[in-house]
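Peer 1: With the sequence shown counted from 1, adding 83 to any position gets you our numbering.
Calculated directly from the structure, the hints in this document are not laboratory data.
The model shown is predicted, which means the values in this text are computed figures rather than measured ones.
Glycine is no exception: its CB is placed at the ideal position from the N, C-alpha and C atoms.
Hints should not be assumed to be uniformly reliable.
Stated by the list, open to error - Cβ-Cβ distance ranges computed for the label pairs, FRET-style:
no.	residue 1	residue 2	range
1	128	153	33 to 39 angstroms
2	93	139	55 to 61 angstroms
3	119	152	48 to 54 angstroms
4	86	121	30 to 36 angstroms
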Amino acid sequence: HNTWTCAKALHEQYGWRGFTLGILPRTARVLLASGLLFATYELCHALIDDLELEELRRVQRHRQYRRKVSSLPRTNVIDEVV
Numbered sequence: 084h085n086t087w088t089c090a091k092a093l094h095e096q097y098g099w100r101g102f103t104l105g106i107l108p109r110t111a112r113v114l115l116a117s118g119l120l121f122a123t124y125e126l127c128h129a130l131i132d133d134l135e136l137e138e139l140r141r142v143q144r145h146r147q148y149r150r151k152v153s154s155l156p157r158t159n160v161i162d163e164v165v
């Protein structure tokens with residue numbers, strides 16, 4: 084059978100309403116799936132942002148520590164011992 088034959092049989096059996104049968108459950112399923120996908124994406128995005136922010140803070144603390152250490156006066160410990 085071709086598309087036209089199937090459409091004609093569907094119309095004869097159910098009328099115009101037959102072309103929309105099942106649209107509500109399918110739409111509900113798609114809405115639910117899309118909502119879950121969107122929520123999951125947003126949650127993962129927020130978690131990644133938090134991880135990146137923590138890594139940035141760690142790097143910044145390390146740089147500040149290096150600046151403090153490099154600003155200390157350098158002494159030659161070996162020369163003082165001898």
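Peer 1: Against this structure, judge whether each hint is valid.
Peer 2: Now the hints, each set against the structure:
Here the CB-CB span from residue 128 to residue 153 is close to 37 angstroms, well matched to the stated 33 to 39 angstroms. One distance hint, 55 to 61 angstroms for the beta-carbon pair residue 93 and residue 139, holds here, with the actual separation near 60 angstroms. The hint said 48 to 54 angstroms for the Cβ distance between residue 119 and residue 152, and at roughly 50 angstroms that hint holds. A hinted range of 30 to 36 angstroms holds for the C-beta pair residue 86 and residue 121, which are about 34 angstroms apart.
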